[in-house]
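**Q** Chains as they are written, first to last, in the numbering used here: chain R, 26 to 189; chain P, 393 to 807; chain A, 2 to 417.
Derived by calculation from the structure, the hints in this document are not laboratory data. Bear in mind that the values here come from a model prediction, so they are computed numbers and not experimental data. Here a beta-carbon is modelled for each residue, glycine too, at the ideal position from N, C-alpha and C. Heads up, a few of these hints could be off.
As the list claims (entries may be wrong) - Here are some chain R residues pointing at chain P (derived, C-beta under 7 Å):
1) Asp39
2) Pro66
3) Lys85
4) Ser91
5) Asn120
6) Asn149
7) Glu170
Said to hold, decoys possible - Only pairs whose alpha carbons sit at most 16 Å apart, straight line, appear in this in silico EDC-like list of lysine to aspartate or glutamate:
8) Lys730/P / Asp321/A
9) Lys730/P / Glu339/A
10) Lys479/P / Asp321/A
11) Lys76/A / Asp762/P
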Amino acid sequence: MDRFEGKIWRLGDDIDTDIIIPTEYLALPGVEEMKQYAFSPLRPELSGKIEPGDIIVAGKNFGCGSSREQAPEIIKHLQIRCVIAKSFARIFFRNAINNGLLLIENPDLYDHVQEGDRIEVIMNDKIICAGGEFPIHPLPANLMEILDAGGLVRAMQKRNGILL
Amino acid sequence: MGHTLIEKIIMKNTGEQDVRPGQIKTVTADRVMIHDIFIPFVVEKFREMGFQKVWDQDRIVLIYDHLVPTSAVEDVRHFQIGDAFVKEQGLTHFHRADGICHQLMPEMGYAKPGNIVFGTDSHTTTYGAVGCFSSGIGYTEMAAVIGTGEMWIRVPETIRIVINGNLPAGVYSKDVILRVIGDLRADGATYKALEFSGSAVDAMSVASRMTMANMGIEAGAKAALFAPDEKTCEYSDVKWENVSWLQADQDARYCRTLEYQAEELEPVLACPSKVDHIEPVTAWSGTKLDQVFIGSCTNGRLEDLAVAAKILEGKQIAPYLKLIVTPASRSIYREAAKAGYLETLTRAGAIITHPGCGLCCGRACGILTDGERVLATNNRNFLGRMGTSKVEIFLGSPATAAASALTGVITKSEI
Amino acid sequence: MGMTIGEKIIAAAAGVQSVKPGEIHTVNVDYLMSNDGTTHLTIDMYQTQLKHPHIADPKKLVFIIDHNIPAENPKTAEVHKKMREFAKKYDISFFEGKGVCHQIMFEKFVKPGQFIMGADSHTCSYGALGAFGTGIGCTDFLYAMVTGTSWVMVPETIRFELTGKFREGVYPRDLILTIIRDLGANGCNYKVMEFAGEAEHNMSVNDRFVLCNLAVEAGAKTGIAEPDEKVTEFLHGQGREGGTMYQSDPDAQFLQTYHYDLSKIESVVARPDFVDTAVPVREIGDVRIDEAFLGSCNNGRIDELRVAAALLKGKKVHPDVRFLVAPASNAVYLQALEEGIIDILMEAGAMVMNANCSVCWGSCQGVIGAGEVLISTGTRNFKGRAGHKDSKVYLASAATVTASAIAGKIMEAAGI
């Protein structure tokens, strides 16, 4: 988790959970079946184009709306490396951490990148893109613990003594 | 220095003398709510985590509402998993077709003043109306909570919202909360608690307060609280002396205060497709509608049906318009039937459906297509929520909804 | 030679003195009804395939949205929008969310002696009021819409003489399921099923509706119950008059006459996956159910709701059963509200749906999943009718369905 780089997809403000995964697909058997519909109300072509290691850069309040955990799960399943947004909605934020999806909050990056740019992330240090360098503020310790464990399931497995 | 409502609730729960915003605390859940749409995932994670037994079979409430009635062949899988889990764990509180989770939790006394309650749905903030710190969480989180009975939280700062005066005729608590969300914006209360007070709030019924607490999450809030009063005690069947501790201190610290004079408020709409895009109803007067929906955990209660019935009594809704009415619970349905509201609404041309989430969650019950426009009393109007992404959803009060159903266009209600 | 009721109606509609089975006549159609099953197909053809699109008489058209209301997806909403806009444009009688099409026709339009076509197989229901109602496809519908007429081959008539009285717990639904079992799914292929006899005249028009409605499940072109003063009374109560009540002549020729003594009929259940498989309920064995449905054009009227309420009063729906009740129309719903029936259903744990085809149609509410079992008062139980292709549907009376909903398995009312 030290440093990585990737191609970015740029989404706007207030990307809500009904956009990330519409309700009508929530009774599909699993995330594998759902992921083709990710972002469909806004960008129906997007999920088909995402490649492993890509990064989402978004505006404010990413993930607002429902508590559906499929939202961060699907993003993880599409192998998005991390989401960098101006700000995150709180239920989404927590659900993402629990699923081991890396979230970085940065108020400025969004205004300095374009879709398709490649950026480099150096964890707990900075993000480097064509438009400049932007600092990363580390997450609180208790959240890092969950992320380091690989998500809440693994943290609980550890607790219950069944870590595989 | 004094404490806000949420700080006091956390203190009572943890036994600590003094908690402050920013601190990480581990709280015990007084109750948790899981609903049909996510029960399969909660159970899956629960097992994956290595838990065998839930921490307390009396503190978990399983409620089916999003998939009631079923509208696709896959839906029953959720029931099969939920039914089996209830049997396996001996859960004592289980509702298969009694109404919307957020209506049942306070209505049946599962969420009481001073409780801490978590639910697998973002509108869990609703129970703040009875002074409960209640918040929505994901299913992985919920699996850990039902296994341990505990959850870490970061003590939120509190935004104080004071509404004094008397609401004018035609202005309801839905208009108040929409205005507040418009001022705060969709992320204005992220990681914060909202605390409502003022003479206008005191005058509100618990049902009206539920409308406001319900929508707290639409400003990003962790909780939306009302200090208990006599009305709360009657509603929740608790004695005043047991809840009198739950009042904010005079010297409590708030990160922000918003003050409103009720007389200055007017009926408003949340316009497509954002909840914080608030404009007066009059700005859209005359806009043609295809459908009106009265229902949801936000506005599906008896007083909501009553105002709709009053406006539509003896009249007919506009031709070619659909009015769908979904009472929020079985008991509300029965009371509305007894009061004659269902008869009035049916004669006016309404389609009345069984209590459940209905159209609000966008799975069935009134889905729309390109170019159609709906005015709904629920809490979200995001793109694609009720059909295609070319459907326009306006959110408003039941009075605005009923008045508009009558004319077929967006109309301000005078009463 | 004398004519049967069906022949008389066709003769009148064709404007001729008399007709004989096998002849083909062009008839004027009194009403053309279409619902959200196929109207959009008719409209598409009307708008894209006709050189000179023209409606003979819009006043004869009735468009009714009943199958998927409220809509469960945008495609359905598109269908409804198309119907609505066409109805609005041509000023066609339009009903959306007011009830099942045949119930609305029954309450508001049908008169004895009329010749009515509907783009729905259970149009045969209108024989309950002494009319000739028959189901057609969207293309035939288009033709009739444009010309105001249709061709029809005169069917032979099979007469059913009904005598005696039902035993306690046995209903017209049991009778028609028994008749269909006896004759088979194509036993009345292209025939008129004519119901007559002392017992038929003792039946209410609602009861006659139950019989005529399922005629198509024996392959019939239509079902007609000999009309009488009960029809006049019913029409009067609905605020309409007129029509002509035909009776079969004493020397009319019937292909066959069957005699049914109602006192010998038992409560029955038709088994998956066909309608003509009725067996006595007491012989069905141990069949657990997941869902029960009371409603549909066949069995969703006040009589059935009263039966359900009488059985449910003071009891609860079985915890493992989803019991859905859909009144056949808003008028039925209002009456049920007034009689306190809705409250009894809600107290018992049933789910009260809006007035629509609901579970019988099986595509937007009460949809059942793989491996599930439904017992229903609907019209059909073909494979996958109510949901997943690996589900099973049993058909029975309101009493049997309600009793089963209480017991959690298929059971007669007497067993509760």
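**Q** Against each hint, give a clear statement of whether it holds in the structure.
**A** Taking the hints in turn, this is what the structure says about them:
| no. | hint | result |
| --- | --- | --- |
| 1 | Asp39 | holds (6 Å) |
| 2 | Pro66 | holds (3 Å) |
| 3 | Lys85 | holds (6 Å) |
| 4 | Ser91 | holds (5 Å) |
| 5 | Asn120 | holds (4 Å) |
| 6 | Asn149 | violated (20 Å) |
| 7 | Glu170 | violated (10 Å) |
| 8 | Lys730/P / Asp321/A | violated (28 Å) |
| 9 | Lys730/P / Glu339/A | holds (9 Å) |
| 10 | Lys479/P / Asp321/A | holds (12 Å) |
| 11 | Lys76/A / Asp762/P | holds (10 Å) |
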